[in-house]
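Novice: Below, each chain spelled out in residue letters.
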Amino acid sequence: MTLHARTDEREPLTTVTGTPSRAGRGPGRARTGGRRIGSHVFLIILAIYFVIPIWWLFVAATKNTSGLFSSPAFWFDDHFALFENIAGLFTQQNGIYWTWLGNSFLYAFAGGIGATILSILAGYGFAKYRFRGRGAVFGIILGSIMVPLTALVIPTFMLLSQYGLINTPWAVILPSLLSPFGVYLMRVYTQDAVPDEMLEAARIDGAGEIRTFFQVALPLLKPAIVTVLLLSVVGTWNNFFLPLAVLTDPNLLPVTVGLNRWTALSNAGAGGEQVWNLITSGAFISVLPLILSFLFLQRYWQGGLTIGSIK
Amino acid sequence: MSIDTTAAAPPRPAATSAASEPRPKRRGSRLERRRQRWGWLFVTPFLVVFAAFLVFPLFYAFGMSLFTSTLATGTQFTGIANYVKAFTDPLFLEGLLRVGAYAIVMIPAQLLVALVAALVLDSLTSWLSKLSRLLIFAPYAIPVVIGALMWSFLYSPRFGPSSTLFDFVGLDAPNFLAPDSIFGSLVNIVTWQWSGYYMVVIFAALRSIDPSIYEAARIDGANGFQTATRIKIPMISSSMVMVITFALIGTLQFFTEPVVLRNIAQGAIDAAYTPNMYAYSLAFSYSQFNYASTIAFALGILVFAGSYLFLFLTRKQSGLK
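Protein chains in written order, with the UniProt record's numbering: chain A, 1 to 311; chain B, 1 to 321.
Treat the hints as calculated values from the structure; they're not laboratory data. Glycine included, every Cβ here is placed at the ideal spot set by N, Cα and C. Incorrect hints may appear among the rest.
To be verified - Pairwise CB distance ranges, derived in the manner of DEER restraints: (1) B:Phe284 to A:Asn251: 15 to 21 Å; (2) A:Gly206 to B:Val48: 30 to 36 Å; (3) A:Ser66 to B:Asp180: 28 to 34 Å; (4) B:Glu215 to A:Gly206: 47 to 53 Å; (5) A:His40 to B:Pro157: 30 to 36 Å; (6) B:Leu309 to A:Ala201: 20 to 26 Å.
To be verified - So the derived list for chain A, only partly shown, Cβ under 10 Å to chain B, looks like this: (7) Phe42; (8) Ala47; (9) Ile48; (10) Ile96; (11) Thr99; (12) Gly102; (13) Gly123; (14) Thr150; (15) Thr156; (16) Leu177; (17) Glu209; (18) Val226; (19) Val234; (20) Phe240; (21) Phe241.
Construct all of the structure, not just a fragment, from the sequences and the given hints.
Specialist: Written out as C-alpha cells, the structure is:
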C-alpha cells in the first residue's frame, strides 16, 4: 500500500508537545505598524463572522417566542426569559429534552471512550510490534479512512435490525467504536513518542508486555489520547445520520436529532406545536459542554491536531 | 513452517536495530513468536469492530445491491441491473453533479479562509490574535445539526436579522432559502462550520516550521507575502493535502446541513438533493433497501476512488509515496 510505506520508513515529524515555543520571534520579525493594524482588523472581521451566529444563539436563548419575532436579532429583549425557557424544557413532553441531552452524553462518552481505547491498543500494537501481516492490515485500515462512513449507515441499519438492535442505545454506540483515523493517529504518535529502548529496558527489568504498556507507554501518549478522545467524542456527539436511521423511539434520540424533530414540527405549523423558544434555548444549552471542554483542553488539542498532518 | 527451521538463528538483538529493518525477518526465536502474538492481541479488539461495522456492512451492501425485491416476484438475483439503473437514474446523477459542484466551490472557500487566517495568525503574537484563533475555531465545537439550525434561523425571513440589516441600507433582503440562493447559503454554513478546524491544523503545521528559515529569507530580501507563498505554503503542503482530502470526503457525503435546512426550505431542497439524502429516502420512505444499498455502495466507491485519486495526484506534495 502506498500510504503505509510512508509511515513505515521515515519518522513523521509531528509536533509532539504542541505549539513549539517561539518566544522572541515576534519582535524579531519587525512589522510596520500599519501592516500590523491591517492584520488585526482582518482578524477581528473574521472572528466576528465566526462568532456572531453563536452570539445570536445565546441572545435567542434568553427570549420567549414573541420576543424572538419582535426584538432585534442580535440584542436582548426587555424580557429576560432564559429561566422560563429552561423551566419550559423541563415541562415540554415531560422534560424529554433532558433525556435527549443525557442520551447524547451516553452515546458520545460510551462511543468516544470505547473508540479511543481501541485506537490506543491498536496504534500501540501496530507501532511497536512487528507481526506478520502488519503492513497489509494497516494498509487496509488506512485505506478505509477514505470510505465515507455515511455509506455504511444503511447496511449497518439492516444488519442491526437482523440482530434486533434497532431502537436500542447499542445501535448508536457500537458503530461509533469504529475510528480508523484514531488508529492511524495513535500509531503515528506512538512511533515517535515511545522509544523502543524504553520498552526494551522495561522488558529486561522483567516487566510483562501488559505492564510495559500501562506503565511505560501509556503515560507518554497522553496528548494523543486526549486528541483522539476529543475527536471521537465530538464525532459521536455530532453524528446525525446514524441515529436518525437506527432510532425511532423518541426517548432514545440524541439531542441533535431531537431538536431537529422539534424544528420540523414547529415549521410544519398546523397541528405541530411551535416551540421556537425551547429550540433556541435547548440548542444553546447543548453546545455548552463541548465549547467548555475545548476551552479547558486547549493545551492538548492545539498540538494534538497536527499529529495527523505528516511532515 | 519456516519458523521452526530457523530456531538456530542468533537471538534477536535489541529492538533498536529492529526499528531500522523494513520488515520482520523470519528468524523468530520463541521470544519473537510471543511478541508477534502480543502484537495481534493489541490489534484484535479494533479489528473485530472494523470487521463488524466496516468490512461486513460493505460486503452486505454490495450483496444487497445485486438483488431486487418486488411484491410481485419476491427477491431475485439481478446482478448489476441496480447499478445500470443507478447510473441512468437522473435523481442520482443530479445529486452526484450537485455534490461535485459543492466540492468545487466549498473546498477552495474553506481552504482559502483557513489558510489566510492561519498565515495571519502565524505572523502575530498578540493576545488579540490568540483570542481570534479560539473564536475562529469555536464553530467546530458546535454540532453540525445545531450549526445548521442556527443558520436556518438567521436565514429565515421571519426571525432573521437579514430584513432589518438590509432595510437599514435601503435594500430588499434576499431570500436565502430560495431555490437559486440555497447553494450559496449552504456553502456559507459549511465554510463557517469547518474553516476554523482546518485553520488550526494549518496553523499548527506553520508553527512547526523552523523559524530560522524565515531569517534566511529576510536576509535575502523576501517580503512577508513572498515568505508566505514561497516558503510557508510549500512547507505545509502535506497538511493542506490532508485538509483537502477530509474536506473532499466530507463534501461528497453531504447530508446533515441540507436535511436540516429542508425543514424550512422544502421548495429549494428536494428529498434527493444529495446522493446520501436520496439513499436515505429510498430506504426509509420507500423501503427500497436493495436500491438504497446500491446508491450507498456506489457513492462509497466513488468517494473512495475520488480521494484515492486525489492523494495519488498530490503524492509529491504530501510526501506520500
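Novice: Holds or violated: is the Cβ of Thr99 (chain A) closer than 10 Å to a Cβ in chain B?
Specialist: violated, 17 Å
Novice: Quick check on the hint: Val234 (chain A) CB to chain B CB, less than 10 Å?
Specialist: Interface hint status for Val234 (chain A): holds (7 Å vs cutoff 10 Å).
Novice: Can we keep the Ile96 (chain A) interface hint, with Cβ of chain B closer than 10 Å?
Specialist: At about 17 Å, which exceeds the 10 Å cut-off, the nearest Cβ of chain B leaves the hint on Ile96 (chain A) violated.
Novice: Val226 (chain A) was flagged as interface toward chain B. Is the shortest Cβ-Cβ separation under 10 Å?
Specialist: Not OK, violated: Val226 (chain A) not within 10 Å of chain B, min 15 Å.
Novice: Is the interface hint for Phe241 (chain A) satisfied, with its Cβ closer than 10 Å to some Cβ of chain B?
Specialist: holds, 5 Å
Novice: Given a cut of 10 Å on the nearest C-beta pair, is the interface hint for Gly123 (chain A) held or broken against chain B?
Specialist: Status holds, d = 9 Å.
Novice: Are Ile48 (chain A) and chain B close enough, Cβ to Cβ, to be under 10 Å, as the hint says?
Specialist: holds, 8 Å
Novice: Is the interface hint for Leu177 (chain A) satisfied, with its Cβ closer than 10 Å to some Cβ of chain B?
Specialist: Hint holds; Leu177 (chain A) Cβ to chain B Cβ min 5 Å, cut 10 Å.
Novice: With chain B as the partner, please determine if Gly102 (chain A) meets the hint condition of a C-beta pair closer than 10 Å.
Specialist: Cβ of Gly102 (chain A) sits 16 Å from chain B, so the hint is violated.
Novice: Could you check the hint for me, namely that Gly206 (chain A) and Val48 (chain B) are 30 to 36 Å apart, CB to CB?
Specialist: holds, 31 Å
Novice: Given a cut of 10 Å on the nearest C-beta pair, is the interface hint for Thr150 (chain A) held or broken against chain B?
Specialist: Cβ of Thr150 (chain A) sits 4 Å from chain B, so the hint holds.
Novice: Take the shortest C-beta to C-beta distance between Phe42 (chain A) and chain B; is it under 10 Å?
Specialist: holds, 6 Å
Comparing the model with each numbered hint stated earlier shows that hints 6, 10, 11, 12, 18 do not hold.
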